[in-house]
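Visitor: In case you want the letters, here they are:
Number of protein chains: 4
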Amino acid sequence: MFKMYNTVRMYDTDAAGILYFGAQFRFAHDAFEALMAIEGFTFQQLFEQEPFIFVIVHAESDYKYTLHVGDVIEAETEVANIGATSFAISYRFFKETLEGRVLAGTSKTVHVCIDKETRTKRLLDPRYVAMLAKHHYGD
Amino acid sequence: MFKMYNTVRMYDTDAAGILYFGAQFRFAHDAFEALMAIEGFTFQQLFEQEPFIFVIVHAESDYKYTLHVGDVIEAETEVANIGATSFAISYRFFKETLEGRVLAGTSKTVHVCIDKETRTKRLLDPRYVAMLAKHHYGD
Amino acid sequence: MFKMYNTVRMYDTDAAGILYFGAQFRFAHDAFEALMAIEGFTFQQLFEQEPFIFVIVHAESDYKYTLHVGDVIEAETEVANIGATSFAISYRFFKETLEGRVLAGTSKTVHVCIDKETRTKRLLDPRYVAMLAKHHYGD
Amino acid sequence: MFKMYNTVRMYDTDAAGILYFGAQFRFAHDAFEALMAIEGFTFQQLFEQEPFIFVIVHAESDYKYTLHVGDVIEAETEVANIGATSFAISYRFFKETLEGRVLAGTSKTVHVCIDKETRTKRLLDPRYVAMLAKHHYGD
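Chains as they are written, first to last, in numbering that gives the first Met the number 0: chain C, 0 to 138; chain B, 0 to 138; chain P, 0 to 138; chain E, 0 to 138.
Honestly, the hints are just simulated from the structure, not real lab data. It cannot be assumed that every hint is accurate.
To be verified - Among chain B residues calculated to face chain C with C-beta under 7 Å, some are: (1) A15; (2) D29; (3) E38; (4) F40; (5) P50; (6) I52; (7) V56; (8) H57; (9) A58; (10) S60; (11) Y62.
Stated by the list, open to error - List of simulated lysine-lysine pairs, DSS-like, C-alpha gap at most 25 Å: (12) E:K2 with P:K107; (13) C:K107 with B:K115; (14) E:K2 with C:K2; (15) B:K120 with C:K120; (16) E:K94 with P:K120; (17) E:K94 with E:K115; (18) E:K115 with P:K115; (19) P:K63 with E:K63; (20) C:K115 with B:K107; (21) P:K107 with P:K133; (22) C:K120 with B:K94; (23) E:K133 with P:K94; (24) B:K107 with C:K63; (25) P:K107 with B:K2; (26) P:K63 with E:K2; (27) B:K63 with C:K107; (28) P:K94 with E:K120; (29) E:K107 with P:K63; (30) E:K115 with B:K115; (31) E:K120 with P:K120; (32) B:K120 with C:K94; (33) B:K120 with C:K63; (34) C:K115 with B:K2; (35) P:K115 with C:K115; (36) C:K94 with B:K2.
Everything numeric in this text was worked out from a predicted model, so none of it was measured. Glycine included, every Cβ here is placed at the ideal spot set by N, Cα and C.
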């Protein structure tokens with residue numbers, strides 16, 4: 000399971016004093032970019048060298064525990080699904096508390112492979128399928 | 000139906016050249032804040048004067064049509080559900096194109112009423128229920 | 000003088016309960032994009048059709064009056080300087096208060112014209128100089 | 000000299016394909032929050048326990064080298080000035096390239112100490128002065 004740490008920053012909070020809901024998607028995309036990078040697939044390479052890009056067609060988050068500025072969260076990221084032309088990533092964000100490790104929130108993103116020329120869906124490249132499969136732990 | 004216009008800005012886009020997925024939640028919250036404001040319920044008043052706040056426990060977006068910097072979107076916002084301690088808002092974002100008005104994306108946010116003292120759920124205040132009901136068009 | 004209104008949103012605030020300093024640059028760029036658009040120069044057109052882009056090489060803001068969520072600000076925008084290969088935009092943000100209209104903050108951005116091919120500075124296009132000159136009110 | 004690493008993320012870029020100028024202030028505040036945290040001064044503690052807060056009254060950035068998604072930057076942070084009621088932080092952001100380490104940008108933020116009750120300036124707390132002095136390397 001791919002894990003990384005992140006920190007809730009001032010710009011992630013709002014006047015309610017806690018995490019702004021949209022900021023959790025920042026943690027999700029950080030984790031996705033980091034997972035790609037450790038596998039040798041960078042977004043810059045994607046833009047410059049591949050005939051396709053990935054476009055997010057769905058994103059969702061649930062919020063279960065209050066997060067404040069300075070809180071360190073551990074993100075667990077895995078591939079939730081691999082389809083013919085798309086894949087889904089799921090994220091769980093944990094926070095260490097005095098009562099133990101609590102699940103602060105979850106997110107999910109669905110990515111579709113789009114041909115740069117035709118701007119339509121295309122089959123996932125086998126290199127990406129193989130990479131994603133390493134982080135897919137079954138149904 | 001509450002409607003407002005918004006514009007896709009440079010900071011809403013990313014290096015893929017199109018709307019960054021997280022930015023659609025900005026349009027959603029803009030619409031929610033604007034709906035509240037025209038009804039006379041401002042967030043600043045909420046923070047300063049009410050014994051409760053609203054916390055988002057779920058948020059989701061679907062993306063259906065590519066948006067670029069400068070695109071003007073029309074947001075249609077309605078109350079999707081009113082519960083005892085929570086409510087849901089749904090958003091539809093449209094773009095005018097040469098082929099007509101297209102649905103560019105949808106979002107949904109679920110808000111729970113939290114007591115500032117006890118930090119636990121509490122019943123929705125009747126004033127807010129009445130306001131939300133004006134924007135709720137049935138099941 | 001080009002003027003537009005903007006609203007401080009929840010995502011513009013932070014846990015201190017007031018405007019997050021970085022958010023003022025959002026108001027600045029909104030104003031710059033809007034000024035360009037009313038003159039018929041859109042960023043999307045810039046990316047797709049021009050052999051150059053504009054890159055910001057300097058940005059600064061001063062903060063003079065506390066802003067909260069829901070505050071409506073009026074942005075006054077003018078071209079502060081037009082050089083051979085660059086130009087500067089200045090912004091003043093006002094808020095209406097019970098004591099009258101107060102200056103809440105100022106910003107400045109400096110933009111350099113970069114050739115897309117050579118990635119080096121190039122002379123400002125005369126069409127852009129003419130457009131900018133309309134919003135430049137002298138030294 | 001306090002140093003930390005950061006990564007340019009997709010949400011830091013815009014449709015020009017490079018770092019959105021406002022995102023550099025994210026790197027600056029990350030560095031400031033991290034410097035505070037390693038010294039044992041957290042923002043959450045500041046909000047909950049101190050009779051004062053720090054408000055940014057000036058911020059500026061210069062941009063010297065193009066940054067793309069995935070670029071790793073090293074931030075060097077130091078206290079540029081300590082006054083009676085304010086202090087300034089300066090930041091330098093470096094990127095490793097094939098030609099060696101290059102300065103990609105610089106930022107500066109000026110922070111004023113504000114009394115929570117009176118909402119006016121107050122003298123810097125000696126504990127904070129001592130902490131800041133550790134990161135101040137001369138005039």
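Visitor: Are the hints correct? Go through all of them and say.
Guide: Quick rundown of the hints versus the structure:
1. A15: This hint holds: B:A15 lies near chain C, its Cβ roughly 6 Å from the closest one there, short of 7 Å.
2. D29: violated (11 Å)
3. E38: Since the shortest Cβ distance to chain C is 19 Å, the answer is violated.
4. F40: violated (15 Å)
5. P50: violated (14 Å)
6. I52: holds (6 Å)
7. V56: Status holds, d = 5 Å.
8. H57: holds (5 Å)
9. A58: Given a least distance of 5 Å, the restraint on B:A58 holds.
10. S60: Given a least distance of 5 Å, the restraint on B:S60 holds.
11. Y62: holds (5 Å)
12. E:K2 with P:K107: Not OK: E:K2 and P:K107 at ~28 Å, beyond 25 Å, violated.
13. C:K107 with B:K115: violated (30 Å)
14. E:K2 with C:K2: Judged against 25 Å, a Cα distance of about 23 Å means the pair holds.
15. B:K120 with C:K120: violated (44 Å)
16. E:K94 with P:K120: holds (21 Å)
17. E:K94 with E:K115: Violated: E:K94 and E:K115 sit about 39 Å apart, past 25 Å.
18. E:K115 with P:K115: violated (50 Å)
19. P:K63 with E:K63: violated (28 Å)
20. C:K115 with B:K107: Violated, because 30 Å separates the two Cα atoms, which is more than 25 Å.
21. P:K107 with P:K133: This hinted pair holds, its Cα atoms lying about 18 Å apart.
22. C:K120 with B:K94: holds (21 Å)
23. E:K133 with P:K94: The given pair, whose Cα atoms are some 39 Å apart, is violated under the 25 Å limit.
24. B:K107 with C:K63: Status holds; Cα separation ~17 Å.
25. P:K107 with B:K2: violated (33 Å)
26. P:K63 with E:K2: Cα-Cα ~31 Å, so violated.
27. B:K63 with C:K107: holds (17 Å)
28. P:K94 with E:K120: With Cα atoms ~21 Å apart, P:K94 and E:K120 stay inside 25 Å; holds.
29. E:K107 with P:K63: holds (17 Å)
30. E:K115 with B:K115: holds (20 Å)
31. E:K120 with P:K120: violated (44 Å)
32. B:K120 with C:K94: Roughly 21 Å separates the two Cα atoms, so the pair holds.
33. B:K120 with C:K63: Status holds; Cα separation ~13 Å.
34. C:K115 with B:K2: violated (34 Å)
35. P:K115 with C:K115: holds (20 Å)
36. C:K94 with B:K2: At roughly 38 Å apart (the allowed maximum being 25 Å), B:K2 and C:K94 break the hint.
Hint compliance for this structure: hints 2, 3, 4, 5, 12, 13, 15, 17, 18, 19, 20, 23, 25, 26, 31, 34, 36 are not met, and every other hint is.
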